[in-house]
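These protein sequence lines are chains A and B, in that order.
Following the numbering used here from start to finish, the first sequence increments by one per residue and tops out at 167.
Following the numbering used here from start to finish, the second sequence increments by one per residue and tops out at 1390.
Some hints here could point you the wrong way.
[Claimed, not checked] Simulated pairs of lysine-lysine, DSS-like, Cα-Cα distance not exceeding 30 Å:
hint, chain 1, residue 1, chain 2, residue 2
1, A, 79, B, 1364
2, B, 1054, A, 79
3, B, 1035, A, 85
4, B, 1035, B, 1005
[As the list claims (entries may be wrong)] Stretch-level coverage of chain A by chain B, calculated; a stretch enters the list once three of its residues show a Cβ under 8 Å from a Cβ in chain B:
hint, segment
5, 23 to 37
6, 43 to 51
7, 72 to 83
8, 112 to 124
9, 127 to 138
[Unchecked claim] With the Cβ distance kept under 10 Å, some of the chain A side facing chain B (calculated, not the full set):
hint, residue
10, 40
11, 62
12, 64
13, 86
14, 87
15, 103
16, 108
17, 109
Keep in mind the hints are simulated off the structure, nothing from the lab.
Glycine included, C-beta positions come from ideal geometry on N, C-alpha and C.
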Amino acid sequence: MGLEEKIPDSIILTTVDKMANWAHKRSMWPLGFGLACCAIEMMSTFAPHFDLARFGMEVMRPSPRQADLMIVAGRVSMKMAPVVKTLYEQMPNPKWVLSMGACASCGGVFNNYAIVQGVDRIIPVDVYVPGCPPRPEQLIDGILKLYEQIEKESVKDKREEWGRRIG
Amino acid sequence: MTEQKTVTVNMGPQHPSTHGVLRVVLELDGETVIKATPVVGYLHTGIEKTMENKLYYKAIPCTDRMDYLAPMSNNLGYCLAVEKLMGIEVPEKVKWARVLLTELTRIKSHLVWLGTHALDLGAMSMLLYTFRERESIIDVYEAVSGQRMMSTYIRIGGLAKELPKDFDKWVRKVLKQVPQGMQDYIDLLSGNQIFINRTKGVAVISAEDALNYSLSGPMLRGSGIKHDLRKASPYSGYENFDFEIPVGRIGDAWDRYLLRLEEMRQSLRIVQQALDGMPEGPYRAHVPGVVLPPKEDVLYKMESMIHHFKIITEGFETPRGAVYQAIEAPKGELGYYISSDGSNKPHRVRVRPPSYINLGALPKMVEGRLLSDVICAIGTIDIVLGEVDR
Ligand code: SF4
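So here's chain B without its partners, still in its complex pose (with noise of 0.2 Å):
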């Protein structure tokens, strides 16, 4: 009789598919993985704690760092957050900007997702192909903000500076590259023998499933589930916008590639309309104290001058209590719960980080399957140790 033995392989925290530094030990019964064990932390940055030490205003730039591929959409869950905390209105026009930059967000991140999920799979050109498209989406952001990645560009109680006067121009070059590039991936991609094999019927994950591991966004969205929070609990004027969440069938990795070039679609739509209708105005909302003033009045008047050294200096003052704010970021539902305790600084910043949560199915999804599904499975859930491990 021969004896069976199982051999326990280390993947990661350097291996080229795991998106960074996540580390899986698989325990393998020949190319079949028993057992799969992912291991976070590697990236573990202490971003939570460090909020806690800075003003409010100041924190804005740790959350860019958290999901470093979908920036704008940090910003805007932790704004969202203390607006809600303070009780700010913000302007029509901030919240059309808002949209259209975190929907934008969501295609940047959507690409480089779809490039290395390819790659992964040995589509090595995909990337390629992913990251030209992605430059255009970049230049809005350097357009907007100067920097192109961690913007830091949506601020509590609006932006940081005025919308430039070219933001048109550049906004429709996106709205004109990203669909012609969006049809060179489906022909590189959907008819792709190697692509379909290693995709379909892995990594599934039933509706059931994917409700009680409290999965989010496209990983929920791909097992048949239409739950979005932008039509669920609109947030930031999402209602104004007609756009349809796509939902896949069976919950495997193909319906979810098929799920997330869908919502690129969706989120072109969205960026058309937000950009067609932005409303005038001011892109601050006028809370003397709480809200920087604008630039120009800092230059000229003395009260605004006042107000700026107040807030970058001693922040502001904020009710007790707890917000909880929620927002649809590319890989899943982003939340930011805040407790303050009255003082100038946060006295807990918590984040749902989706791409943790989701990654929790990922033991769900391969085990008993092969090793190389794992590649597979990793790529399709849409890590970002940033954010996993905050």
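Only chain A is shown next, with the shape it has when bound in the complex (with noise of 0.2 Å):
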């Protein structure tokens, strides 16, 4: 109000938590890494057809370090549930991962002793993506379901989540 009028066009008010979430949302990074069936239907996401660039996400990092985003795209077997534990803590705060399939959400169709029943198991989710495998416009959806999660995010509940950093 009185204060807007004050200052110069160039300057523009907003709160600390819509700006961080702005930038969470607006340049998510996945982890380039696919388990099974699920990581194709990813892989058409990206690709051309469905065109995942819309959302600012096209940027895939092979490196966990770099990435903000799991989508774990496939089943997940006891020999590889430690490698998903591993990736997922190395990976720098802020970090969401996307359950995508009947697979890693609750281990699917297959309800045997190789399959771990739901990635939720081991590492917290954010989003459950159904079908199997889910279309790429299920999986856009999800995302788009994370966004909307993401702007009612405060960066006040993350601070002991993220540590000192933003203190």
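Reassemble the complex: the two chains are provided individually, in unrelated frames, and hints are given to aid placement.
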């Protein structure tokens, strides 16, 4: 109100939360990491027909150190589970996890000795996308849901989790 | 005197060019690979075991999820094996439709191979182009089965449902679009000096070694051995089609690149023939009690409904014994060995996965070569971890 009239046009007033959430949301780099069949649909989503670049996330990072979003695309086997967990731990905060497909969400059709019955048993999951495999549109929808969730986040609540960096 | 030391490097299981979750333990001397050991099992899903607990019908969806780049080929292999066990003869139309669809599957699988292989070697944009053409084949999948990837369309004794009315239209679109796309790939890669340097003379496997490692598919033919199950022991009516079997000369990655491109062309020829000559007829064999009756009958005929119900709930009894049926999948010989104890569930299903056996040649291909050739070798084998680990 009063303040806005006095400041030059090049300055925009906003809150830290809004600013941080906007930044997180608009350049979210997924970890380039596929496990099984769902990974192929994930690749289709990145390919021209569906073009995930529209949402600012065409850059797949092969290194977890540079990634913000882990898309668990496919079934997680008992042998792979420790690797997935390590990868998650290697990702810097803030980080999000999207579980893609029936297998990653709950074991899918493979209720047996070899498959972890849902990746949420080893790492926290933010969004579940059902399907076997989910269509690219479904994955995009899942990502948009994640964006909605990020919009509601507050830096204050995350302070503990993220450490003192932004303290 | 300086001491010679080797370094052990771990590649994978999370590595962008291992096509999933393959792990290779490499012993390096400088940049030279002394020893390469593939470590598999990171995607072990227990599919064979799961299939033992399912009725014959209900095991079909498990096959899709093995080689997920070529689901229909897997369906076909399994269904042919069960049909062999039960002595079911399928109608002509079913055979032709199956050939058409599996050849489209071959193209689809090779497209992903081409895109990812070129991506590994630094030609990033190839993936974008190949996935463009792949979408047109996925449209066919979706038109016939309603699913983009895991179609489970080929069933025991026939197909899941009648081919859609606009089937023609979708397939013709593929026939038009894929050759155009292939011209793009050739323009981009065949004269590309970087691609040539990284594939020519790399990942060589001689004809003798190829036989000793029991390689199959493009890995075998790339070394100059003309062996293709579609010609050697035709199944599903392949003897009615006119096509060539391309072979390579020295068995390097470049040869296999040319060979797979040629295979795609030949597949397009088969698809064209199958589309033009598709006979009329039922889409399922008439074997009451074993093959599901057509859906229309289930809705209106009491008997068909009872059969349908019985097959879905109890399955069917099988004769005791064992069968082996192999088909030429995009990656090589895909075989299903089914042993039956006479009950309604398979006693044991064993899959001969082509990419697993082809992967066995990896150490032979890379030992003594440079580290960067390992990437090329993994790409050129065309592995799918779902099938390697099952
Ligand atoms: S959900 Fe389906 S498509 Fe995805 S990994 Fe599991 S079996 Fe494959």
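Verification of the hints:
With a CA separation close to 26 Å, the supplied pair residue 79(A) and residue 1364(B) stays within the 30 Å bound. Taken as a hint, the residue 1054(B) and residue 79(A) pair is honoured in the structure, with Cα atoms around 25 Å apart against an allowance of 30 Å. At roughly 29 Å between alpha-carbon atoms, residue 1035(B) and residue 85(A) fall within 30 Å of each other, so this suggested pair holds. Restraint check for residue 1035(B) and residue 1005(B): satisfied, since their Cα atoms lie roughly 13 Å apart, inside the 30 Å limit.
As drawn, the segment 23 to 37 of chain A meets chain B at 6 residues by the rule of a beta-carbon pair under 8 Å; at three or more, the given contact holds. For the segment 43 to 51 of chain A, the stated coverage by chain B is satisfied: 5 residues place a CB nearer than 8 Å to a CB of that chain, which reaches the threshold of 3. Counting residues of the segment 72 to 83 of chain A whose beta-carbon sits less than 8 Å from any beta-carbon of chain B gives 7, enough to reach three: the coverage restraint holds. With 4 residues bearing a CB less than 8 Å from a CB of chain B, the segment 112 to 124 of chain A meets the requirement of three and the coverage assertion stands.
By the rule of at least three residues with a Cβ nearer than 8 Å to a Cβ of chain B, the coverage given for the segment 127 to 138 of chain A holds, with 3 such residues. Given hint, residue 40(A) at the interface with chain B, holds; its Cβ is 6 Å from that chain's nearest Cβ, closer than 10 Å. At its closest, the beta carbon of residue 62(A) sits 4 Å from a beta carbon of chain B; the interface hint therefore holds under the 10 Å criterion. Residue-level restraint check for residue 64(A) holds (minimum Cβ-Cβ distance to chain B is 8 Å; threshold 10 Å).
With its C-beta approaching chain B no nearer than about 9 Å, residue 86(A) sits inside the 10 Å limit, and its interface hint holds. With a least beta-carbon distance of about 6 Å to chain B, the hint placing residue 87(A) at the interface is held under the 10 Å criterion. Satisfaction of the interface hint for residue 103(A) is found here, the shortest Cβ-Cβ separation to chain B being roughly 8 Å, below the 10 Å cut-off. Annotation: interface hint on residue 108(A) holds; nearest CB of chain B at approximately 9 Å, less than 10 Å.
Hint on residue 109(A) holds. Least Cβ distance to chain B is approximately 6 Å, under the 10 Å limit.
Checked against the numbered hints listed earlier, the structure breaks none of them; every hint is satisfied.
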